[in-house]
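Protein chains: 2
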Amino acid sequence: MARNGALDFILHGDEKILSPLLASRPDLATCTRIQHSPDVVRMDDKPSQVMRRGKNTSMWSALSSVRDGEAQAAVSCGNTGALMAVAMLRLRKLTGVTRPAIACLWPSRGESGYNTLLDVGADVRADEESLLQYALMGAAYYRNAFDAPLPRVGLLNVGTEDHKGRAEIKEAAQLIAEAASLGRYEYVGFVEGSDFASAHVDVIVTDGFTGNIALKTGEGTAKLIADTLREEFTANLTSKIGALASTAPLQRLKKRMDPRRMNGGVFLGLNGTVVKSHGSADATGVSAAIKLAFRLAQSGFQDRMAERLASVAETVQERVLSTKDPREAASDIKSDAQVGET
Amino acid sequence: MARNGALDFILHGDEKILSPLLASRPDLATCTRIQHSPDVVRMDDKPSQVMRRGKNTSMWSALSSVRDGEAQAAVSCGNTGALMAVAMLRLRKLTGVTRPAIACLWPSRGESGYNTLLDVGADVRADEESLLQYALMGAAYYRNAFDAPLPRVGLLNVGTEDHKGRAEIKEAAQLIAEAASLGRYEYVGFVEGSDFASAHVDVIVTDGFTGNIALKTGEGTAKLIADTLREEFTANLTSKIGALASTAPLQRLKKRMDPRRMNGGVFLGLNGTVVKSHGSADATGVSAAIKLAFRLAQSGFQDRMAERLASVAETVQERVLSTKDPREAASDIKSDAQVGET
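Protein chains in written order, with the working numbering: chain G, 19 to 360; chain U, 19 to 360.
Treat the hints with care, as some may be off.
You can't tell identical chains apart in this list, so a pair holds if it fits in one copy or across any two.
Claimed, not checked - Derived DSS-like pairs (lysine-lysine); straight-line CA-CA distance at most 30 Å: (1) K73 <-> K272; (2) K273 <-> K258; (3) K188 <-> K241; (4) K272 <-> K241; (5) K258 <-> K241; (6) K64 <-> K111; (7) K34 <-> K309; (8) K188 <-> K64; (9) K188 <-> K111; (10) K309 <-> K273; (11) K64 <-> K34; (12) K272 <-> K309.
Simulated from the structure, these hints should not be mistaken for lab results.
Taking the hints into account, I'd like the entire structure generated from these sequences.
Structure, rendered in structure tokens:
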């Protein structure tokens, strides 16, 4: 990886393990400081346990460094649920945000080459108000990441006709349409699973359960095709010659569809930038996640998004909240405490 | 398509349109009878409208021919929601089934080459009891379609750890595990979106919203890769030579991953066999759907599934229903009336 001179690292973890590793990479050592933390969050730790007993973990330490202004962004390959839970605890939610979301990039046929999908796993449920917030946050993210003045927002559904889908999705459609000019996006209506790569939408909004399943389904399908392609090209000598002759186009395909280049789920709706890398990411993948964190930290979009959310929250959500059953509001607060359990 | 001598067709629709078409295909004309129906269901018709005013449509006529025993199975390329609604009205649900489901095939790394996913769109919600019924119906379908004595059933979730997912999914996991020996399947626990092609599961159970999004996401991803592959292989002369040299492996890839070979969503949980073909299916796709309908009609699995569902319903659902809040039961009945609206 070519060194970015504007980039410094704080490496959180066990000093005894990290020091020798860092010593073997003098190019990195000059711009990296180790922040010792004795414990680690394991992949099977429950978020609630980490919130209670995780103060000495590297994850906690990394998020605290963002909170204290030492770091401008945190990057982690760890347990997603725990990362979201500790991030909410340490960084706090932005004003106007009920539930933070995780946004990921998806290869698209559009100009930027990417669409954004959110939520992909911060919360297993989303009501109409949360879906509206995802639309606002997703549009802000896309606008800043791709210099797109008016991102096109679509709401994921099982069909594009008005009568289709769950009740909260129909209500969200109305809220998202109404908030379009305030949120500085264009609302393109319902989109389907087949539209993830579409050139006619930039930001696809859904709940974290559906988004997570869709993300992994897409990755799994791409992997199945890649594996099948490899099998077919090594099936016999003629195939191998074919593979040799088609090295260049296959390499370009691989590069265009490389999931490592899209590595990095961005946590939206917090006072601070957190990027979650895939747990199994290699050097290329982690590098992509770090680049994304750097770009976001530099763009200052966090502040602009905070302002916009606060102003939209006032105008739109007032109406939603005022029409809500008080019992529902109480259950919102209760379930809020479980955010990040996925 | 090679003629299957055991196959006869009843073609439902406008005689004036169908007669000349059939006359031009003497091979088909000998085994096909036209059943005149003046109206058609349009793709944007609401299921509820079709249920009230659809008596003269070809869809209604086709399902009536199954109900009256004239046909052993119905195949339709039409409006899915309307087809399910009219199928429920004309064929009625099996004893023990609250909500029918639509099952589709997915290319897999397993022995049979296919996994089954359900529900892919009959209903946008599913409670724990419906998910149990999907497990029972999916296992029965897979067992008969692939001669698998003990299908492995997995429940779709955002992670494989016990604490993950929505409440109804955790409850469904318990019900499905308990009913395994009665339902003659093996329960393998939670599976993720990345497991759709896995060799370690045969039947993947989820609600119709998530299943529909996943199905279309998989199809969309495969199409994006196919399009990108085509672009790269026609980018320049060298690429074109590479494409020529690799014709055989690319053709084999295409055949193995051809979505048309997997065409045909099977409606499970009704007194009769109904196969829904993709609306945009070509001759190969429709042929696959007809073959599937023929195989299912011949296997007699419908009767065996009906028996099994009734017996499991007695033992397992008694317990579920007895612990249910009466208000919930009332809302079940209410929402039941909207089944098929997707």
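Hint check:
1. K73 <-> K272: Classified as neither: same-chain Cα gap 41 Å, cross-chain 52 Å, threshold 30 Å.
2. K273 <-> K258: Cα proximity of K273 and K258: in one copy and across copies (20 Å, 19 Å).
3. K188 <-> K241: Close across copies (29 Å), not inside one copy (34 Å); limit 30 Å.
4. K272 <-> K241: both (11 Å within a copy, 15 Å between copies)
5. K258 <-> K241: Both: 20 Å inside a copy, 25 Å across copies.
6. K64 <-> K111: within (21 Å within a copy, 41 Å between copies)
7. K34 <-> K309: Classified as within: same-chain Cα gap 27 Å, cross-chain 64 Å, threshold 30 Å.
8. K188 <-> K64: Classified as between; 16 Å across copies, 33 Å inside a copy.
9. K188 <-> K111: The answer is both: 26 Å in one copy and 28 Å across copies each meet 30 Å.
10. K309 <-> K273: within (17 Å within a copy, 39 Å between copies)
11. K64 <-> K34: within (26 Å within a copy, 66 Å between copies)
12. K272 <-> K309: within (20 Å within a copy, 36 Å between copies)
Violation of the numbered hints given earlier is confined to hint 1; every other hint is satisfied by the structure.
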